[in-house]
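Single-letter residue listing:
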Amino acid sequence: MGVLTSYVKDIQAAIASTFEGMSITFSHLMRKPMTIQYPDKIPVPIQETLPLRYRGILEVDLDICTGCLACERICPITCITIGIDMNKETKQRQFTHFDIDVCKCMYCGLCSEVCPTGAIRHSQEFEGASYNPAGLVRHFAPEPSNLYKPKKGGETEPKLITKVDIGLKYLDEFATPDGGGAAEEEAK
Amino acid sequence: MQAFLDQLIQDGAFAGLPKEVVYAIGMVLAAVVVLSVFVAPLAGVTSWLERRVWARMQSRVGPNRVGPQGILQWLADGIKNIMKEDIIPAAADQKLFPLAPYIVFMGFLCAFVVIPFGETLIVADLNIGILYILAVTSLVVVGILMAGWASNNKWSLLGGMRSAAQIVSYEIPAGLSVLTIVFLAGTLSMQGIIKAQGWGPWDWFIFHNPFTFCAFFLFFTAALAEGNRTPFDIPEAESELVAGYVTEYSGMRFLFFFFAEWGNLYVIGAVATTLFMGGWQVPAFFDGYPVLKGVAQFTTFFLKAYFWVFVAMWIRATLPRVRVDQLMGLCWKYMVPLSFVCLLGTIGFMFIDEISRRVFGAITLGFAVATIINFFRRVGFQFRAAKPEAYWKPHI
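From first to last, the protein sequence lines are chains A and B.
Going by my numbering, the first sequence runs without a break in its numbering and finishes at 188.
Going by my numbering, the second sequence runs without a break in its numbering and finishes at 1396.
Derived by calculation from the structure, the hints in this document are not laboratory data.
Some clues are possibly wrong.
[Stated by the list, open to error] Quick list of the computed label-pair ranges, beta carbon to beta carbon:
hint: 1; chain 1: A; residue 1: Ala14; chain 2: B; residue 2: Ala1031; range: 39 to 49 Å
hint: 2; chain 1: B; residue 1: Pro1089; chain 2: A; residue 2: Tyr131; range: 32 to 42 Å
hint: 3; chain 1: A; residue 1: Pro133; chain 2: B; residue 2: Ala1031; range: 48 to 58 Å
hint: 4; chain 1: B; residue 1: Gly1329; chain 2: A; residue 2: Met106; range: 55 to 65 Å
hint: 5; chain 1: B; residue 1: Val1291; chain 2: A; residue 2: Met34; range: 45 to 55 Å
hint: 6; chain 1: A; residue 1: Lys169; chain 2: B; residue 2: Gln1058; range: 43 to 53 Å
hint: 7; chain 1: B; residue 1: Ala1385; chain 2: A; residue 2: Asp40; range: 29 to 39 Å
hint: 8; chain 1: A; residue 1: Gly128; chain 2: B; residue 2: Ile1087; range: 30 to 40 Å
hint: 9; chain 1: B; residue 1: Tyr1289; chain 2: A; residue 2: Ala13; range: 48 to 58 Å
hint: 10; chain 1: A; residue 1: Met34; chain 2: B; residue 2: Val1037; range: 37 to 47 Å
hint: 11; chain 1: A; residue 1: Asp40; chain 2: B; residue 2: Ile1128; range: 47 to 57 Å
hint: 12; chain 1: A; residue 1: Ala14; chain 2: B; residue 2: Ser1138; range: 25 to 35 Å
hint: 13; chain 1: B; residue 1: Ile1087; chain 2: A; residue 2: Met106; range: 36 to 46 Å
Keep in mind that this is a model prediction, so the values were computed, not measured.
We put the CB at the ideal spot given by N, CA and C, even for glycine.
Excised from the complex, chain B in its bound form:
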């Protein structure tokens, strides 16, 4: 992005405007384009898809009336929420209450700055990219705690406190899992991490050695917990806390929290893809065609990231919500020690030679493939055991 602007300045496209002004305008434009062209439709369609997938997994249909198969449901929901009354309770903090949704939203949107959609398709390739992501996504805690406190409501406050405890705790396993990859790649830059991997699964960091394989699942679980997703959604547990920190919110401010939540799903998937699954790497076949290569890179990255969004929906439909003590126990008793083990194990693998490391990587890959095959055998068994009425079509 900056290189592109520098090129334009050199060509004299801005008639001698100060460099800083051009940069500022460029940043605002990039933010607007990313928000309106990519993030908003993505979060909206994700919300619709989640409801459909979730419904099918529970033998329901889900929203299928607005537009073909209900794909415009998110627009209808958005319009409805914009037209709703924006209520600020009299007892709420009049300044912090309206501010909180935007802090949450900012925390998630800032992450898009360093997400590498392609080799050249990135807003800013910061040299501390992954650290930046860990930092800005933690801003969500501030917003949630602010919402919980400013609502002046015991449900909201409890939700906010739980969320703060949860996100701060799960930062540790997430950070340690990220650290394994940072050690292997030797850089914090998102593009640098991707360039250290290859296009094939055998070159991905997830199959680098058995410890990175475990680290990936630790990272994904911790990221789900940081994103307040089921089974870790105790901050907004309906059965205990009404709606947690969003209890007092209505209309568009309410929507902003969920906008951030669904958008955050994609950020989780994108970071997991970047760190562990080779990002936008495509085979060398595309090298001769720059445009085709760009499209292929974007598609590869998008599909890989969206697969993990699907997995998050799938987990949400599968697992029940954990208790607060179980949540903290899972983090501090299991995930933190295990992520330390993964970190130390990966350090150990950095000392052995490439050939034997490749053998362990191949064993890990083989284990993963065997697990997937076994998984589909189990799916077939579950399907046959229930003797259901089969329906293979995605639409209904």
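Pulled out of the complex, with its shape left as it was, chain A reads as follows:
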């Protein structure tokens, strides 16, 4: 290839590649951007699009909490503190406080696995920003409330049925170490 030929070919290649490149970038003007405009300009909140087994900030349904303290004992970093005492008037045990320090929590999920009723579980919530660390301590018993006592062999209280079902469903499907047999089903 002569010098002149390669010279002209260089010019031709420069023009052709610029032309082609500019057509590609121009076509991008008509494409939808990939960006998700979190947090406001999105069709549904991000929380609703997360998978069910997502380990967000812990939540507690005190109505079905038996006060067994299993979660407090198993927590590796003691971010759960539960206070229980006897109400002298009604002669029933009650929660004085049930605090989870989200600052400390490492989202290991052990507490939700040991919970017998599925009262403590991971929610889809992850927006935990706060102006001070004290704001990150979640108080689930702002005022004393009674413990949940399942009746022996009897019916569940009607108003708690849905809550109990949600807790058990959570335990069955998500909180057990093998995912409630989901892994075995996948293996099949």
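Chain A is already provided as a structure; the job is to place chain B on it using the hints.
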């Protein structure tokens, strides 16, 4: 502008003040008005638009939070930069370091003196207008080299040296391309060059003959290189030089460099429009209505110039940065010889008769139209080939 002042002096509007004083006040006023009413918002909005266009070309969104669709982003950036601390490094040259941004800024702002926004809307129609523009925009080199040297920092110095080499080299193809038009128009005055053209594309100098068509692209490429735009932004190449000559600058002084860069984009577009694309020329239809004609001329000129600003943004989103040796090779091996060829070819066309020249002009115009049609066919092909999720709206 001067004619307007002379008229006012004759009417006795200044109560016998010396002529020179009136001129001086007029000049300062014109500079303030041009800077605050036109240049500052223009550079600001260009910076916002560039970020939006660039983002969309890269499948992003860009700044869209400050004001409707983020159009006030430039005000937010300006306020932020004004309130920032103005740091002058202890090892920097204490006099030259603060001075450099203003020299760069002056180099670009002076170009607005001769930019013809309309038949009467021009600060001063110098008879050496285009030479003046080439001269004052070269002042930017002094400022950049000053910034690079005064920062006392190896990145800055390398950036400044690269910029000086680049701008001085690319002056040659730019100057030669301008010379083709000066030959055709027979004048250096910006208004004279525009008056030598017509309102239709067939009367523009870009379609005068095939050589001016090539000269236009040579000029535009060289002007991009002179304006330190991607793909020729090696003076501030982040991957090699941190930020080049602006490394040590902060706050408002930093902003002045970029103010000049974005404003310079419009100057590039305006000069390209003036020289090659008929400037403010509008059809004879507007002759009966002076005000409407003025508005139409300004709009025509602004849109034509801004189209080339858009092309510069578009190129920035498309092409990667060239290496230093590639940059110099492109200039000295390709653009300088080609611009000489264009110059000689145009001289040749000045000797042939008008009818055959018109034929060649029509062929050039036809080629350009075919290229544009082919371009949009390629865009359609790229769009269909990627099977993307289409989004036609400009806002998001």
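Each hint tested on the structure:
1. At about 40 Å, the CB distance of alanine 14/A to alanine 1031/B agrees with the hint of 39 to 49 Å.
2. As the Cβ distance of proline 1089/B to tyrosine 131/A is approximately 36 Å, the hint placing it in 32 to 42 Å holds.
3. Range check, proline 133/A to alanine 1031/B: about 56 Å between beta-carbon atoms, so the 48 to 58 Å window is met.
4. In this structure the hint that glycine 1329/B and methionine 106/A lie 55 to 65 Å apart at CB holds, the actual value being about 57 Å.
5. The hint said 45 to 55 Å for the Cβ distance between valine 1291/B and methionine 34/A, and at roughly 47 Å that hint holds.
6. Restraint check, lysine 169/A to glutamine 1058/B: a C-beta distance of roughly 44 Å satisfies the suggested window 43 to 53 Å.
7. Our hint of 29 to 39 Å for alanine 1385/B and aspartate 40/A holds, since their Cβ atoms are close to 34 Å apart.
8. As the Cβ distance of glycine 128/A to isoleucine 1087/B is approximately 36 Å, the hint placing it in 30 to 40 Å holds.
9. The beta-carbon spacing between tyrosine 1289/B and alanine 13/A, approximately 50 Å, falls within the hinted interval of 48 to 58 Å.
10. The hint said 37 to 47 Å for the Cβ distance between methionine 34/A and valine 1037/B, and at roughly 39 Å that hint holds.
11. Distance hint check: the CB atoms of aspartate 40/A and isoleucine 1128/B are about 55 Å apart, consistent with the given range 47 to 57 Å.
12. Between alanine 14/A and serine 1138/B the Cβ separation comes to about 26 Å, which falls inside the hinted range of 25 to 35 Å.
13. Range check, isoleucine 1087/B to methionine 106/A: Cβ separation about 41 Å, and the 36 to 46 Å hint holds.
Checked against the numbered hints above, the structure violates none of them.
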